[in-house]
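Guided by the hints, dock chains E and U onto chain G, whose structure is given.
Below are the chains, spelled out letter by letter.
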Amino acid sequence: MENSPLTLEAKDVTVTYPNGNTALRDASFSLEGGTICALVGVNGSGKSTLFKALMGFVTPVRGSVALNGRPIREAQKQGWVAYVPQAEDVDWSFPVSVHDVVMMGRYGYMNFLRIARASDRTAVRNALERVGLWELRDRQIGELSGGQKKRVFVARAIAQGGRVILLDEPFTGVDATTEEDLIALLHELRLAGSLILVSTHNLGSVPEFCDHVVLVNRTVLAFGPTDEVFTPENLVRAFGGVLRQFDLASSTVHDHDGKSVTVLTDDERPLVLGKRGHIEYRDRTGREKLISDREKEDV
Amino acid sequence: MDAFLEPFRYGFMLQAFAVGGLVAAVGAVLSCFLVLRGWSLMGDAISHAVLPGIMLAYIAGIPLAIGAFASGLLCAVATGWIKSNSRIKEDTVMGVVFSGMFAVGLVLFSRTPSEMHLDHILFGNILGITPERMIETGSIAFVVLAVVIVLRRDLLLVCFDPSHAKAIGMAVKPLTYMLLVLLSLTIVASVQAVGVVLVVAALITPGATALLLTKRFDKMIAVAVATSVGSAWAGVYVSFLTNGSTAACIVLAQTFIFVLAFLFAPASGLLRRRARA
Amino acid sequence: MNWLVPFHYEYMVTAMWTSALVGCVCGVLSGFVTLKGWSLMGDALSHAVVPGVTIAYLVGFPFSVGAFVSGLLAAGAMAFVKIKTPVREDAVIGIVFTAFFALGLLLISLFKSRVDLKTIILGNILGIAAGDVVQLVIVSLVCLVVIALKWRDLMLFCFDSSQARALGIRVGWLHVLLLLLLSATAVAALQAVGAILVVAMLVTPGATAYLLTDRFGVMLIIGGVFGAVTAFAGAYASYFIDGATGGCIVTLQSILFVGALIFAPKHGLIATRRARG
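Protein chains in written order, with the numbering used here: chain G, 392 to 690; chain E, 3 to 279; chain U, 70 to 346.
Hint data in this document are derived by calculation from the structure and do not stem from the laboratory. None of these values were measured; they are calculated from a predicted model. Think of the CB as a built atom: it goes at the ideal place given N, C-alpha and C, for glycine as much as any other residue. Please note: incorrect hints may appear among the correct ones.
[To be verified] Below, a sample of chain U positions facing chain E; criterion: calculated Cβ distance under 10 Å:
#, residue
1, T103
2, L104
3, R157
4, V161
5, L172
6, M270
7, L280
8, C317
9, Q322
10, G337
Pulled out of the complex, with its shape left as it was, chain G reads as follows:
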């Protein structure tokens, strides 16, 4: 079961709120397990609506979201859909310990009274050890550092056995080390076959760790592997005038390494595109072949 292939498919999802505002129209895409996918769009683009539709929080007026061909509500009952909230949505002074929070991921497996069994405790322990927080299990959640706070909720998703894990703006207000730790953790989960969806407006970090991208602006503009989707044309369509574009062809960068780059930034980590619109990666390990291919093209 754990290793059965996983597909998530959104088909013509249209969401209209009671006030008559259609936040999302005919959004379609499909993804498979073993993927880290970024959900990219500006505020108000319907990104969070799509997120909610994927979690089953809003019901589309038209279209459907299916996990392995079955409606999302059924998947919820199996505990397949796990969710990592934005840091600012959490009441950090709530009187619960790290262990309590991770145990909340197991509620779906428990009986009516939510009394933990041995299997639940094992799952919580495994999850906490995996994120390196077992030693801190009795801490009140507000007493953790920023990175530890994130990892508690990822541990909850692991304990839940979530096969689709949705992270809402996981990198806002997080320092670089924390971000890298979290990314490493997500890579491990991806290798285990999970489908990880990250909503973000931080363009720069997307190519570093997401192999797929869904670009949202009122609908799904484009989806697929990051290399194909993250083109300047698509990004301008998704972000409109929000992005500032610098062409550094004749600047110091050019003199420095003899290549021209384009930097797209929305004031966070910048996205750097090569002369032909390729993504410039900060971390080149594992991408040697791609880079050498490009260098051949450049010649």
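Only chains E and U this time, still in chain G's reference frame:
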């Protein structure tokens, strides 16, 4: 026909119309700020918290209004202080502080032999107001009205967007305290005339009604005052005819207007929206 | 003075034990109320049950049924108005509860001879009828059992309702369940301390417990014990203080809250000052 005009023949009824209208007008103006600031519980809290002050002032033999004012302000300040110095949320702190103060007031009340009627403090005695009380209520109400009208733009910005107000160099903290002082004064002026219950409603409902009817702040104040004064008069009148509690009748009249606005407001009314859909 | 005198009277013994039971239920529930930020809701429901209680007394129905229906109507009205208007939630709650309370007052003032205002507003546990005691005990025990069974779900609902939804748990039901519990305990507390002070019973124990522990389960237990002990002691003290049972209970709770606020080992003022250096 005569029966309908009868209420206007009595001096105490005319007085009730005057005081009711005045208190309703001041409450309505403040309610616009409170509704926008999300401080609806604040009016509730302060109006209950005046009780121990009234009792202590009575025991000490100083004017009750001074005790009430001090005690109401103490509630507001204590709430703010505990909130910023502990982990407890604002609404909880407010609930703890005002109910605690009210309880102390009750214990003092039952330990102090007095001529006072608790009923009158809680539910007012608008039909039996003495001339001195009229003057007291009237002058406090005029002061509050004048200050609010003069400072309304500053107060609005402080309620609507405190961080922007701070950014453009406005004295946010003093203005916030000013609002609390005005609120306490209003409550002191009205409690003895119309009672705690009516004050709470008078500080919420008119502002909310006006919010449904208009999107402009100056208009909102005008609408709030108009509906509030209108319902105060209607309430006093109806209570005379039915012999029911005056404060209750006024509150119900205000609610009735709110329901009408809720159903028929031009922009956001329920029926309008349904007709459009 | 003989300190054991209250125990010689059957009505005092009944009052003390009934208060303790009601205090315990309210104390346990106050953990949820404070963490969910529902203090105003507790205050509102305790006022909103008044017309139901009045009508129940008038037509000779069990008061708890009347109160319950009226509380639910109010909660429903709040939810409806909140969804349909741009008015903020706190203002909506304020409008609805003052309207309900005013309706209750109007009814009481119209049928003065048959319903005692003081009983409803200030509670009258010392003079409670045997049939009412039975109702209180049933309501309290049912609430305790329900909380004991579902507290983990309710905790998740208060802490992270999105997670509950992601697990396919019916969040709407939990919301309704918590409202039902709140209405039921408000009804019970009404008899013990009266409509105005119910909010203290539903907030102060939870706020105190929140200062003393970082574990949710422990917080519920502290809240329950705190509520039970203060209610018992308050009822006992009211024998000596002329019947103001509600005032005594809540004053006691407030004193202990202030004690916890200052001296709590980790979250008290002294401890946080010291930690800050």
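Worksheet item: Checking against the hints above, which ones are violated?
Response: The structure breaks none of the hints.
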